[in-house]
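Undergrad: Taken in order, these protein sequences are the chains called A and B.
Numbering-wise, our numbering puts 34 at position 34 of the first sequence, and it's gapless, one number per residue.
Numbering-wise, our numbering puts 129 at position 129 of the second sequence, and it's gapless, one number per residue.
Treat the hints with caution; some may be incorrect.
Interface residues of chain B toward chain A, partial, derived using beta-carbon atoms under 10 Å [what the hints assert, rightly or not]:
#1 Gly161
#2 Ile165
#3 Met179
Simulated from the structure, these hints should not be mistaken for lab results.
Computed from a predicted model, the values in this text were never measured in an experiment.
Glycine included, C-beta positions come from ideal geometry on N, C-alpha and C.
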Amino acid sequence: MELLRYSRDAWGQEVLQGLSWDLLWLFFGAGVAFILIHALYVRFSAGNPR
Amino acid sequence: MQATTHREAGSAQASVVRHLLMDRLLHWCMAVAVVVLLVTAFLPIMGIKFAWVTLHWATGLLLLIALCWHVIRSMVAKPSGLMLLGRKDLRDAMADFAWFMRWRDQTPGKPGKYSAAQKLMHHSVSLFVITTVVTGLLMMVKIDTPLWKRDPYWLSDTLWGFIYILHDLAALSLITIIMIHIYFALRPEKRCYTRSMIRGWLTRTEYLRHHDPEKWRE
C-alpha cells in the first residue's frame with residue numbers, strides 16, 4: 001500500500017500530491033474496529049454496564 | 001460554572017440547561033458542514049463523479065464562519081477554562097478507563113459540565129477541523145473564485161505537497177473521529193447528551209447521576 005501520491009510537473013519532475021487514497025479504508029476501518037471492540041466489550045463484559 | 005433551571009412545558013420535572021440554543025445551532029451547522037465537506041471530498045475519490053469543487057470550498061467558508069463564531073462565543077459568553085484539559089482531567093480519564101476495563105473497583109468521581117473524555121473528543125475534532133480549514137484556505141489560492149484568480153505558483157511544489165498531506169491527514173482522521181462521535185451519541189447511556197444537544201437540557205436526575213453539582217453549579 002502506497003503512503004503518498006505523486007504526479008509529474010511540466011518538466012517531468014516528481015511532485016508530491018498528498019496522502020494515498022488507499023489510506024481511506026485504513027481510517028474507515030479504524031473507526032469500525034473501535035466501535036465493534038467497544039460495543040462487544042460493553043455487551044459481553046460481566047457485571048453491571050459501565 | 002453556571003446552569004439555569006426551568007420547567008419543561010407539560011412536565012413537572014425540573015431540568016438543567018446544558019446547551020443554549022445558539023450553541024446547539026452552531027454545533028449542528030458545523031456538523032452539517034463537516035459531513036458535506038467529507039462527502040464532497042471522498043465520493044469523487046470513490047468513483048462517484050460530480051462538480052464538487054465549488055460546493056466544497058463554499059461549505060468550507062461557512063464552516064470557517066461558524067468556527068470563528070463559536071470561538072468568539074466561547075471566549076466572551078462562556079466561563080473561562082470550561083474546556084481546558086489539565087492534569088486532573090488526564091488523571092480522571094485514566095481512572096475512568098481503569099474502571100471501565102475493571103482494573104479497579106472504586107467508582108471514579110463525577111465530572112463538572114464536561115468529562116475528560118468529552119473534552120478529548122472536542123479537542124480532537126477541533127484539531128482536525130482547524131487543520132483542514134487552514135490548509136483548505138491556503139489551497140483556495142490554487143482555484144478561481146469570484147474574489148481572485150488562481151495562482152498555483154504562490155508556494156513551492158514541496159510546500160504545497162506538505163499542505164496537501166496535512167489537509168488529507170486531518171480529513172481522513174475526521175472520518176474516524178466523527179464515526180466514533182456518532183457511535184457514542186447513539187449509545188443508550190449517552191443518549192441524554194444527544195438529547196441535550198437537540199433540546200438543550202438534562203433532567204435533574206441525569207444531572208445528579210452524571211455530574212458533580214460542586215463542579216457544575218446550577
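Undergrad: Using the nearest Cβ pair, does B/Ile165 come within less than 10 Å of chain A?
TA: Given a least distance of 6 Å, the restraint on B/Ile165 holds.
Undergrad: Taking 10 Å as the limit, does the beta-carbon of B/Met179 come near enough to a beta-carbon in chain A?
TA: holds, 3 Å
Undergrad: Does the closest beta carbon of chain A sit nearer than 10 Å to the beta carbon of B/Gly161?
TA: holds, 3 Å
The structure fails none of the hints (numbered hints given earlier).
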